[in-house]
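**Q** Following the hints, complete the assembly by docking chain B onto the known chain A.
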Amino acid sequence: MMDRRIRRWVVIIFILIAILISVSVISLCVGAAGISFRRIPHIIWQGRGTGEYSILFDIRLPRIILGFAIGGALSLAGTILQGIFRNPLVEPYTLGISGGASLGVCLNIAFKWYDVVGIIAYPISGFVGAALVVVFVYSLSMKRGTLKTQGILLTGVMISFISSSLVMLIMALSRSEDLHGIVFWIMGSLDEPNMLLIRMAVIGALAGLVLSYFFCLDLNALALGEEEAIHLGINVEKTKRILFILASILTGLSVSVAGIIGFVGLIIPHLMRMFTGTDHRILFVSTFLAGSSFLILCDTLARTVIEPFELPVGVITGIIGGAVFVYALSRKQVTL
Amino acid sequence: MKKTILNVEDLSCGYGRELILHHMDFKVSRGELMCIIGPNGCGKSTLLRTISRILKPHRGQIFVDGKNIARMRHKELAQKIAVVSQTPESTIMTVQEYILLGRLPYFRKYQFLETNNDENIVQKYMELTDALKLRETLMSEISGGERQLASIARALAQEPALLLLDEPTSHLDISHQVQILELIKRLNRELGLTVLMVLHDLNLASEYSTRLLLMSNGSIHKIGRPEEVITYETIEEVYKTVVLVEKNPLSGKPCVFLVTEEDIKEGKTI
Chain A
1 MMDRRIRRWV
11 VIIFILIAIL
21 ISVSVISLCV
31 GAAGISFRRI
41 PHIIWQGRGT
51 GEYSILFDIR
61 LPRIILGFAI
71 GGALSLAGTI
81 LQGIFRNPLV
91 EPYTLGISGG
101 ASLGVCLNIA
111 FKWYDVVGII
121 AYPISGFVGA
131 ALVVVFVYSL
141 SMKRGTLKTQ
151 GILLTGVMIS
161 FISSSLVMLI
171 MALSRSEDLH
181 GIVFWIMGSL
191 DEPNMLLIRM
201 AVIGALAGLV
211 LSYFFCLDLN
221 ALALGEEEAI
231 HLGINVEKTK
241 RILFILASIL
251 TGLSVSVAGI
261 IGFVGLIIPH
271 LMRMFTGTDH
281 RILFVSTFLA
291 GSSFLILCDT
301 LARTVIEPFE
311 LPVGVITGII
321 GGAVFVYALS
331 RKQVTL
Chain B
1001 MKKTILNVED
1011 LSCGYGRELI
1021 LHHMDFKVSR
1031 GELMCIIGPN
1041 GCGKSTLLRT
1051 ISRILKPHRG
1061 QIFVDGKNIA
1071 RMRHKELAQK
1081 IAVVSQTPES
1091 TIMTVQEYIL
1101 LGRLPYFRKY
1111 QFLETNNDEN
1121 IVQKYMELTD
1131 ALKLRETLMS
1141 EISGGERQLA
1151 SIARALAQEP
1161 ALLLLDEPTS
1171 HLDISHQVQI
1181 LELIKRLNRE
1191 LGLTVLMVLH
1201 DLNLASEYST
1211 RLLLMSNGSI
1221 HKIGRPEEVI
1231 TYETIEEVYK
1241 TVVLVEKNPL
1251 SGKPCVFLVT
1261 EEDIKEGKTI
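Chains A and B, in that order, are what the protein sequence lines are. Residue numbers for the first sequence, in the working numbering: 1 to 336. Residue numbers for the second sequence, in the working numbering: 1001 to 1270.
In case anyone wonders, no lab produced these hints; they're calculated from the structure. Quick reminder that beta carbons are idealized off the backbone N, C-alpha and C, glycines included. Each statement offered as a hint is correct.
Straight-line Cα separation of at most 25 Å, DSS-like style, residue types lysine-lysine; simulated pairs:
#	chain 1	residue 1	chain 2	residue 2
1	B	Lys1240	B	Lys1268
2	B	Lys1067	B	Lys1027
3	B	Lys1222	B	Lys1027
4	B	Lys1056	B	Lys1067
5	B	Lys1265	B	Lys1240
6	A	Lys143	B	Lys1056
7	A	Lys238	A	Lys148
8	A	Lys238	B	Lys1067
9	B	Lys1027	B	Lys1075
10	B	Lys1109	B	Lys1075
11	B	Lys1056	A	Lys238
12	B	Lys1002	B	Lys1222
13	B	Lys1268	B	Lys1247
14	B	Lys1185	B	Lys1133
15	A	Lys148	B	Lys1056
16	B	Lys1075	A	Lys238
17	B	Lys1056	B	Lys1027
18	B	Lys1109	A	Lys238
19	B	Lys1247	B	Lys1185
20	B	Lys1075	A	Lys148
21	B	Lys1222	B	Lys1003
Simulated coverage check for chain A against chain B, where a stretch passes if three residues somewhere in it have a Cβ under 8 Å from a Cβ of chain B:
#	stretch
22	213–223
23	229–236
24	266–279
Chain A extracted, bound-state conformation:
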């Protein structure tokens, strides 16, 4: 029985890796300057210096790598949060994390902190905003040493509202060039020239994946409810605390590097649960890979649909993700 299950898991992982590779290759080839797949080895052979080489490896490849990291991190965070809250509507952004991050970045743009600190001010202000909200929400939801998962959702949603109102206030008061910057950042983009940030995102996302695996069985038990999980010998409070912080870091990292890309963390965990079942041992890695592929695909569309202009990738994830999700729901009888 176990062997059969492991064989199934291996097959699933192989299929998802194959999808990820194909999507990445497609994303490399299409764009304003179409490059045929067969020419890629030739371009690599010619080496650095040609225009095509630079398009492939200085412009497109970094985006793909960032898409891999951000898509994976957001889906993983969504899977973790849906697991600990046992609520299918939770995603990284319903807890107010993105609200805090966007507020931080808006303040950065409005007060021109980036003139003082440099380009790094964007991710730092985003991350600080997200972290403050997490600490705030978390401490409001701690009651007598236990994390109240019902309360934390409501608090998170409220904080989201407050911070998005403040963002709108800042937008209303700011000048038009700042406004453009804020809007563009809020809509999210994988266009990130800073290689250091990309590397940070990749390492962070992969580290998150490894860490989350220490808790996959705890999350399986938590599916039965918190008391039942305690009866099965799980230290529920510790698990919830660590995973909540882990998911927040993954989200904060994503938001601060790529802006707000909604929906990935909500739908990918759902879709994967339909295909692979609810066992977190396979769910974690499959959502990570699927999220990566999905975001790379969406980003490819975002930069090719109305060439040479670019759409915000958050718009594409919303439209495609929503449509696929509704379709999947109507095809398969699933209980949310």
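**A** Frame of chain A; chain B shown alone:
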């Protein structure tokens, strides 16, 4: 003298400041099947929740197999005590996956997969509880009675010294009630499993338990064999209801009959 499996010493417990249980003292020996009975809100479930360490006692100690539960690690406790709740969660996992979760307390650190031994144990208890035919079905697609069977199988997979059940039959019809209770009785007799169970139905409790614990307002009103505990005096004292207690002609256990107001008015006697 049989070995004591559960020893509750001077236990007081409650939610927040409000005390629900007051100075409870009792022991359960190996191989007993003890039912806890008592009116709504008298603290039956609170007692079970304290024994399974969901609630911390305000006062007093609980020993399982000679060891204080307050000093046990999470997994150690789960190896000693398994709990079957009133309504097991209807999750989207197969019955087999669900029952395999019962082996979690035995997982070593950094162990991610079940061993062959785990699977054999799960297989054994699925056969014993008649859950084997359901193994590939989703928990969300089976009936309440079947879910209760799966839940008992999961608890057995924990191979506990003590099995706690909180009204396991409250949502079931009479045939499923009997099916579940017969299973528990068989586990108690054949495997020597020690069982502590909250039951609402006095007649079922009387029929199936070796000893009864009658609670009233958070303390023990009476503890003993069914014929000692279920008498019309104790029932009237605790439940404030007039009943008639007769022997079940088949089993010889006490059996409670309702006495309606009309019966009293008309002064009926047997």
